[in-house]
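Novice: In case you want the letters, here they are:
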Amino acid sequence: MNILELANVEASYGPVRALRGVTLAVPKGKIVTVLGANGAGKSTILKTISGIIDPNKGQIRFAGEEIQRRDPAWIVRRGIGHVPEGREVFPLLTVDENLRMGAYTRGDAAGIAQDLEMVYAYFPILKERFRQEAGLLSGGQQQMLAISRALLSRPKLMLMDEPSLGLSPLLTREIFRIIGLINRQQGMTILLVEQNANMALEVADYGYVLEVGRIVMEDTCKRLLEKEDVQEFYLGMKAQGVRGQRRWKKKKQWR
Amino acid sequence: MLQLLLAGVAQGCVYALVALGFVLIYKATETVNFAQGDLMMLGGFFALTASVMLGWPYWATILFAVAAMAAVGMLIERVVLRPVLGQPAFTVVMITIGVGYVLRGVVTMIPGWGTDTYTFPTPFADGTFKFGEVIFAEQQVAVIVMTAALVAVLYVFFRYSKLGVAMQATSQNQLAAAYMGIPVRRVNMMIWGLSAGVAAFAGILLAPATFVHSNMGFIGLKAFPAAVVGGFGSVPGAIVGGLIIGLVEAFAGRYMPEGFKDIAAYVVVLAVLMIKPSGIFGETARKKV
Chain A
1 MNILELANVE ASYGPVRALR GVTLAVPKGK IVTVLGANGA GKSTILKTIS GIIDPNKGQI
61 RFAGEEIQRR DPAWIVRRGI GHVPEGREVF PLLTVDENLR MGAYTRGDAA GIAQDLEMVY
121 AYFPILKERF RQEAGLLSGG QQQMLAISRA LLSRPKLMLM DEPSLGLSPL LTREIFRIIG
181 LINRQQGMTI LLVEQNANMA LEVADYGYVL EVGRIVMEDT CKRLLEKEDV QEFYLGMKAQ
241 GVRGQRRWKK KKQWR
Chain B
1001 MLQLLLAGVA QGCVYALVAL GFVLIYKATE TVNFAQGDLM MLGGFFALTA SVMLGWPYWA
1061 TILFAVAAMA AVGMLIERVV LRPVLGQPAF TVVMITIGVG YVLRGVVTMI PGWGTDTYTF
1121 PTPFADGTFK FGEVIFAEQQ VAVIVMTAAL VAVLYVFFRY SKLGVAMQAT SQNQLAAAYM
1181 GIPVRRVNMM IWGLSAGVAA FAGILLAPAT FVHSNMGFIG LKAFPAAVVG GFGSVPGAIV
1241 GGLIIGLVEA FAGRYMPEGF KDIAAYVVVL AVLMIKPSGI FGETARKKV
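Order-wise, the sequence lines are chains A and B.
Per the numbering used here, the very first residue in the first sequence carries number 1; after that it's consecutive.
Per the numbering used here, the very first residue in the second sequence carries number 1001; after that it's consecutive.
Please keep in mind that the hints were generated in silico from the structure rather than gathered at the bench.
Honestly, I wouldn't trust all of these hints.
Stated by the list, open to error - A few chain B residues facing chain A, derived, Cβ under 10 Å:
{"no.": "1", "residue": "Arg-1078"}
{"no.": "2", "residue": "Ala-1166"}
{"no.": "3", "residue": "Leu-1175"}
{"no.": "4", "residue": "Met-1180"}
{"no.": "5", "residue": "Pro-1183"}
{"no.": "6", "residue": "Val-1184"}
As the list claims (entries may be wrong) - According to the in silico footprint, chain B covers these stretches of chain A (three or more CB under 8 Å from chain B):
{"no.": "7", "region": "99-106"}
{"no.": "8", "region": "219-230"}
The structure displayed is predicted, hence computed values, not measured ones.
Quick reminder that beta carbons are idealized off the backbone N, C-alpha and C, glycines included.
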């Protein structure tokens, strides 16, 4: 069962078209990843789902309900949590206050306390720092905070925008390990946008490749990993030799 | 000497409250609201109406004026400023200046308000009491105590209430606040309400000293330096800045040549900005954009 479906979604920043008809589906309980280069429109997809950007065309269905052109706050209440690109924590609030803002839409104190314990179990470092201002945390800790903060709204679907941005390979690995854990232990559905295709394909079940606002390829992650094009352009594994001519031709085919 | 100190602090409290209004709105919406002083003036007239024309007791007057101004503040945000959301800062600033002019104009047109100057009665009257060597004017002590009380209430509100923390969150990162499900626009509207309410409170405290008239809002021109001295965008800075300006004025009025009092505030601003360009409590690390 698909919890989220996008059908022919088009969006633009002023005259610049960012999404040129994106259709994708996220099945319940799975991790789906969207790969793509800078400016392919990955973040725009997530922002459009969250209601920060209104699509010009197309439908977004979440849990059987159309949510396009709705207010972001309404969409959060429906059960979509967003881990924004670049973490975007509240720098002058403490870790604890940041997490409580994640639970802004909720009123059940007991449930919030329970979920706080849950995220502290995933990220013990946050418990140690819970009185510290979030702006003073390291990049990795801020990323952990951003993920935890989104978890605290108790979402049905989490949108993650480049959780590896600016992190060391070791930290990236750790973050992705926990993303996998959250998916398995909480049954959390995750739509993950990444430039680090290696990590993303490892943790996700299904993948889409986005290029200049269009989906150009989709498959299970296992099969995507085996595809020559993906290996060449997103995993950096160059096929033997520098046959530039052929490569260019292949790239053109996608458009 | 001590008496001068007291007078300075009392005057500084009023500056501090108006400066606080500037800072709240600036932090939340990155807009300088030049109508802040006029909101204070309108609050003064509301209080005057309740207390003199309707004969309400002092405390009811305060509640009424603050609540009414909060409503006016929210209305201004909703009707005048939200439609220009996303326009250049210059546009928005011009609009707030316009709002100030309109408020001043409207007040003079309302029967019973007009261009006259009114005295504002308070239960503290003009009594004084002696404590050791110093003579305290009840009026000034009341201003200081009430400001302290309001600041304490605001502190508790911002620190411990969910809405208060959400207001802080919104002013630190609007985008992230939206992702948390915080209704950013409504929160901004409430910040305008809060700011106007604080302005009304300041107006009530100022009214006994300067009387109520349609131009009393020009005190905003003194409160603005207070906000700058404190570091625009810092709440504690606004309060400290207000007190500094109040004190400097009081002492300048006593020890400096005639007329210096009115420019003292700006001299302080220049001095502070030369030493610390971001103001006393200015954020050294700007928030990431």
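Novice: Decide, hint by hint, whether the structure agrees.
Specialist: Structure-based check of all given hints:
no.	hint	result
1	Arg-1078	16 Å, violated
2	Ala-1166	6 Å, holds
3	Leu-1175	6 Å, holds
4	Met-1180	5 Å, holds
5	Pro-1183	5 Å, holds
6	Val-1184	8 Å, holds
7	99-106	holds (count 5)
8	219-230	violated (count 0)
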